[in-house]
Amino acid sequence: MKSESVPEIKKRQDKGNNANESALSELLSIMRTLRDPTNGCDWDKQQTFASIAPYTIEEAYEVADAIDKGDMADIRDELGDLLFQVVFYAQMGQEQHAFAFDDIARGISAKLRRRHPHIFADENGQVTRAKKGQWESIKAQERIAAGKTEDKSILANVPAGMSPLLRAQKLQQKCAKFGFDWPELAPVLDKLQEEINEVMAEVNAPTPDQSAIEDEIGDVLFSVVNLARHVKVDAQTALRRASNKFEQRFRQVELIAQQQGQTIRDTSLDELEVFWQQAKALSK
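Mapping the sequence shown onto the UniProt record's numbering, position 155 (from 1) lands on 155, and the numbers just tick up by one.
There may be inaccurate statements among the hints.
Dumping the calculated EDC-like pairs for lysine to aspartate or glutamate here, alpha-carbon to alpha-carbon at most 16 angstroms [what the hints assert, rightly or not]:
{"#": "1", "residue 1": "Lys45", "residue 2": "Asp122"}
{"#": "2", "residue 1": "Lys232", "residue 2": "Glu184"}
{"#": "3", "residue 1": "Lys111", "residue 2": "Glu95"}
{"#": "4", "residue 1": "Lys245", "residue 2": "Asp68"}
{"#": "5", "residue 1": "Lys170", "residue 2": "Asp181"}
{"#": "6", "residue 1": "Lys191", "residue 2": "Asp181"}
{"#": "7", "residue 1": "Lys69", "residue 2": "Glu247"}
{"#": "8", "residue 1": "Lys284", "residue 2": "Asp234"}
{"#": "9", "residue 1": "Lys174", "residue 2": "Asp151"}
It should be emphasised that the hints constitute simulated quantities derived from the structure, not laboratory data.
Start from the sequences, fold in the hints, and give me the full structure.
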């Protein structure tokens with residue numbers, strides 16, 4: 001195979017870059033058209049940052065689901081949907097004279113360079129040796145430079161808007177870095193059992209308090225996340241896989257019932273358990 005010269009490689013890279021720029025320009029143009037006050041899409045024109053936010057979260061989960069399934073074409077399509085969310089925000093930001101897509105791109109590029117001084121040289125051509133805790137230290141410096149009030153808690157910057165499961169995991173990880181953690185698995189399991197017992201105590205109380213039951217259920221879930229973390233399992237991934245597995249098996253139960261000339265609604269619980277066991281056997 002003939003090796004490429006440096007000019008040939010550069011030419012091929014430039015061609016690819018130009019194609020990427022063209023694709024992005026087209027996407028940005030489409031977004032402008034959709035938001036056009038006169039000829040745009042009625043739905044797109046009505047959207048705001050707040051109204052789009054839930055869709056952004058949904059798209060991120062769909063990316064994760066596609067990755068879990070390992071379907072590269074699906075991953076590509078879902079990443080496109082997620083990119084469109086960024087383009088949507090950029091267009092709304094531009095309309096408000098706040099920021100544009102290029103500002104977003106330049107901002108994240110600059111941030112990545114600042115936070116990786118051990119990789120990228122500074123204006124003096126110097127590369128800093130990597131240090132433990134460097135990432136958090138640089139983030140703190142950025143907040144001060146931006147004039148933001150410094151939150152000195154070790155739990156600072158864990159967004160309240162995260163999914164509850166992920167937020168629980170992040171809070172625990174932050175505390176663990178500073179030694180607030182059990183060094184062994186046994187007390188983690190004991191704590192989980194203790195929280196389960198407290199749920200049952202509330203459920204079996206003479207006059208059950210729904211709010212108290214909810215609190216105790218929350219403690220159980222938090223303890224389960226802690227257990228997952230201690231055995232090096234991502235709680236979100238584990239729950240997503242469990243939900244997918246349940247869905248697949250229940251769909252199989254529906255199919256088995258249909259083959260028996262029945263529907264889920266007219267099938268007894270005992271029969272459904274039999275079908276469930278059959279579905280489990282088929283999935284192995």
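Here's how the hints hold up against the structure:
1. Our distance criterion of 16 angstroms between C-alpha atoms is broken by Lys45 and Asp122, whose separation comes to about 43 angstroms.
2. Between the alpha carbons of Lys232 and Glu184 the distance comes to roughly 13 angstroms, so the proposed pair stays at or under 16 angstroms and holds.
3. Distance hint between Lys111 and Glu95 is unfulfilled; the C-alpha atoms sit about 24 angstroms from each other, more than 16 angstroms.
4. Simply put, Lys245 and Asp68 have alpha-carbon atoms about 12 angstroms apart, close enough for the 16 angstroms limit, and the pair holds.
5. Restraint check for Lys170 and Asp181: the C-alpha separation of about 13 angstroms stays at or below 16 angstroms, so the hint holds.
6. Of the pairs offered as hints, the one joining Lys191 and Asp181 holds, with about 12 angstroms between alpha carbons and a cut-off of 16 angstroms not exceeded.
7. The straight-line distance between the Cα atoms of Lys69 and Glu247 is roughly 14 angstroms, inside the 16 angstroms bound, and the hint therefore holds.
8. With a CA separation close to 23 angstroms, the supplied pair Lys284 and Asp234 exceeds the 16 angstroms bound.
9. At most 16 angstroms may separate the alpha-carbon atoms for a hinted pair to count; Lys174 and Asp151 meet this at roughly 14 angstroms.
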